[in-house]
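Make the full structure from the sequences, and use the hints.
Just so you know, the protein sequences line up as chains A and B, in that order.
Quick note: the first sequence uses UniProt numbering, first residue 1, plus one each step.
Quick note: the second sequence uses UniProt numbering, first residue 1, plus one each step.
Warning: the hint list may mix true and false statements.
Remember, identical chains collapse to one label, so a pair may be satisfied in a single copy or spanning two.
What the hints assert, rightly or not - Simulated pairs of lysine-lysine, DSSO-like, Cα-Cα distance not exceeding 30 Å:
hint	residue 1	residue 2
1	Lys84	Lys426
2	Lys387	Lys340
3	Lys84	Lys455
4	Lys455	Lys426
5	Lys160	Lys271
6	Lys160	Lys278
7	Lys340	Lys278
8	Lys340	Lys160
FYI, nobody ran anything at the bench for these hints, they're computed from the structure.
There are 2 protein chains.
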Amino acid sequence: MMLQTAGRRMKITQTFPWPIVRAYSTPARNPSFASWTDEHKAYFQQLLKPECVLTNTDDTEAYTVDWLKKYKANSSHQMVLKPKTTEQVSAILKYCNECNLPVVPQGGNTGLVGGSVPVYDEIVLSTNLMNSVISFDEVSGILVCEAGCILENLDNHVAKHGHMMPLDLGAKGTCQIGGNIATNAGGLRLLRYGSLHGTVLGIEAVLADGTVIDCLSTMRKDNTGYDLKQLFIGSEGTLGVVTKVSIFTPPRSLFKNVALLACEDFVSVQKAFVEAKKHLGEVLSAVEFMDRHSYYVLIETSGSNSDHDMEKLNEYLEDVMGSGVVVDGTVAQDEAQARKLFLIREDITVALSARGYVYKYDISLPIEQYYKVAEETRERLVSTDAKVVCYGHIGDCNVHLNVSTLEYDDQVFNALEPFIFEWTSKYRGSISAEHGIGRHKPEYLYMSKSGNAIKLMQQMKKMMDPKGILNPYKVLPETE
Amino acid sequence: MMLQTAGRRMKITQTFPWPIVRAYSTPARNPSFASWTDEHKAYFQQLLKPECVLTNTDDTEAYTVDWLKKYKANSSHQMVLKPKTTEQVSAILKYCNECNLPVVPQGGNTGLVGGSVPVYDEIVLSTNLMNSVISFDEVSGILVCEAGCILENLDNHVAKHGHMMPLDLGAKGTCQIGGNIATNAGGLRLLRYGSLHGTVLGIEAVLADGTVIDCLSTMRKDNTGYDLKQLFIGSEGTLGVVTKVSIFTPPRSLFKNVALLACEDFVSVQKAFVEAKKHLGEVLSAVEFMDRHSYYVLIETSGSNSDHDMEKLNEYLEDVMGSGVVVDGTVAQDEAQARKLFLIREDITVALSARGYVYKYDISLPIEQYYKVAEETRERLVSTDAKVVCYGHIGDCNVHLNVSTLEYDDQVFNALEPFIFEWTSKYRGSISAEHGIGRHKPEYLYMSKSGNAIKLMQQMKKMMDPKGILNPYKVLPETE
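This is the structure we're talking about:
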């Protein structure tokens with residue numbers, strides 16, 4: 001079965017050129033890499049169909065710039081390959097490895113750290129045409145599919161059988177499950193259903209030299225040797241290309257309630273969260289925070305019995321409103337209203353982008369520091385036109401700190417970096433909660449990981465991709 | 001804070017010698033390994049306190065045989081080291097690596113595949129004395145502790161704050177969290193709370209050369225580089241020694257219901273399971289199967305509202321009993337009764353052991369094949385005195401197939417192996433669902449993992465432990 005592209009992308013008003021190249025030092029092109037030639041092109045055209053090899057700028061452009069238009073390849077010499085099978089992916093990589101041709105694996109290209117676009121003239125390996133569902137087991141809820149399936153399409157597919165994908169994020173209409181796994185996407189449902197490290201049961205991936213690693217187990221329990229699939233989850237396409245996926249999908253909750261609550265300060269926000277866990281227990285499915293003029297908490301429940309869920313929610317609201325923890329609130333009366341409340345949260349990104357330039361940070365912090373980072377950042381920028389907005393998945397201690405200015409400003413940039421990373425590091429937070437490292441943060445990796453850990457990562461990369469052809473210049477800092 | 005050993009071990013009636021050595025070929029002792037001498041002993045006595053270095057047979061015996069008494073070290077030259085700190089573990093491994101001394105990391109020694117006892121004269125590195133809780137955060141539910149903490153003690157500790165450990169297994173009174181992680185223990189709560197790959201947030205581990213890898217994050221979301229901690233989860237102490245752990249503990253459910261249901265055939269068992277997921281949704285916390293004269297399903301719910309849970313359970317029971325899927329059933333009226341129902345399940349192991357010898361298999365299978373393996377095994381053994389009993393976590397497709405005989409019998413053994421592994425492999429099941437590979441199954445690893453995958457595992461082992469001193473002869477087949 002083939003799934004159609006839903007094709008929903010947020011409209012982004014930003015246009016080129018952004019001064020990202022100024023802000024982040026681009027590493028020098030690796031001199032050991034070859035640049036693709038007509039001979040290579042002919043090989044690929046013969047391996048794939050000619051229409052699956054793109055080299056005209058008009059055709060390749062969408063693949064060589066990220067959706068926020070912050071990262072663009074520093075070369076006009078671009079090629080995009082669109083394989084349809086694992087065997088084709090394997091043949092492409094084997095050939096590229098032999099010819100020293102660097103490769104960027106790309107899914108829906110919705111990442112925020114420049115991980116899925118070329119830095120120079122790396123060949124883009126797009127999984128767009130690998131979008132078949134292979135199987136779905138209704139008893140166990142286990143879905144097996146190709147890497148290029150779009151998340152929202154998969155969610156709709158399993159919904160027909162009363163199940164849901166264990167992850168949900170703003171880019172769901174465009175992002176692909178292979179990319180989700182390669183970047184260990186988090187999102188809204190992590191609080192309830194856990195991370196992809198737990199829900200992904202199997203992966204088929206192709207290594208840099210074309211070796212196919214088949215770990216496509218469909219078993220929830222499988223302790224047979226090292227759990228190799230974990231290596232590919234979150235390694236951002238630098239250790240292998242994910243081609244197939246087996247994933248556990250939980251039963252779809254029949255009933256959903258959404259409430260938007262206002263608090264007077266951040267201490268009350270924390271209390272509202274703790275009480276939500278107590279009162280709502282097993283039906284709590286999302287706790288989102290946003291500071292739009294005031295402190296807001298968005299609470300979602302989902303469960304199998306509407307009356308039970310509503311009774312739990314009402315008891316919770318009576319408690320937190322009675323005690324003054326929450327000063328105002330609204331409960332969605334139907335699905336349309338519920339969607340509207342969530343859109344307030346999702347629209348923040350769009351509204352900020354419309355204002356001009358946005359500096360985006362995605363960090364995890366202990367709950368005590370969760371909001372302090374916004375306050376301290378605001379103080380640092382008091383003399384500028386910057387607006388500091390903080391929102392995120394508070395249930396997972398994940399803060400999205402967004403700073404918007406009318407236009408890009410070096411002074412603001414220098415006030416933000418490395419300040420925010422250092423601040424996060426000081427409290428043992430994560431400098432990248434869910435967006436990854438990509439091209440944005442390799443130099444800052446040491447702020448969340450120890451020297452020994454980074455060295456081991458580099459050894460692993462060297463072992464699995466000795467020539468470094470897979471997604472070069474990304475994730476890991478260069479070895480000395 | 002120090003936690004006391006709960007010291008609960010099941011009484012095992014089996015005594016030595018078991019013919020395990022006959023049944024499984026023991027690999028030859030690695031000739032590149034040294035054997036410890038008085039000089040080494042003096043070094044360790046100076047590094048640790050003298051009472052933390054055991055070499056008398058009376059002292060070491062408990063550490064050199066597994067609890068089922070199936071695996072025993074083939075040497076009387078034994079040493080047990082009991083470090084108290086990560087620094088001591090690091091110094092021990094650095095020294096052993098330099099001196100070519102092999103090491104077996106050991107937690108509670110409750111494993112079932114011989115992974116935690118020496119094969120020859122490997123030095124046992126016991127984490128018994130590393131049993132402090134480092135921190136517990138009540139808002140996020142995140143526990144940080146040393147590897148030697150006993151699972152049940154940790155569960156009691158977080159219970160005081162309204163939380164629970166995300167895993168539960170029969171050996172909880174003896175097994176240690178470090179060993180649970182090293183073996184990726186599954187158990188009863190996996191259905192609801194997922195695997196340790198999802199719930200473990202951070203690990204500190206020591207590599208074979210003494211390098212300390214600090215990935216002790218306490219963040220639920222942390223996408224900074226490769227997720228190294230995953231390597232240690234399930235690698236059975238062959239890649240490093242886990243010294244500290246950070247783990248997410250879910251809120252403890254206030255109310256629990258347990259029902260024991262009888263079905264007439266295995267098709268009805270499957271239906272009872274599917275209906276349980278539909279009716280009980282988010283409060284379903286365990287679905288266990290056992291075939292004791294008939295087909296039984298044990299259902300557990302746990303939730304935050306007693307009335308709601310009971311209403312859901314009653315609706316479920318009305319449905320499955322009304323439709324004839326379930327022909328008989330009992331619901332525990334209080335906690336004591338609930339515990340009793342679970343004990344029926346736990347006692348199967350003890351009852352089988354009491355009969356004589358038990359051949360134990362722990363496999364995952366697609367639900368359609370879940371029970372067929374028991375039926376076909378029974379057919380193969382019809383001419384012997386063997387009893388084939390099948391129970392397990394049906395919610396996770398995990399079968400524990402147990403074959404008991406009055407005494408060990410080569411004919412039975414040869415009828416079982418490799419038959420059961422081949423059968424499992426044919427249906428793409430897992431030849432080790434939750435017990436691991438250890439010393440029992442390295443030769444059969446290829447039945448659940450492809451050649452390319454095993455080769456990559458061997459490369460990883462070579463990279464992280466070039467001399468192979470960590471838990472030798474276990475998990476991976478020998479390289480040619």
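- Which hints from the list above does the structure break, by number from lowest to highest? Violated hints: none at all, because every hint is consistent with the structure.
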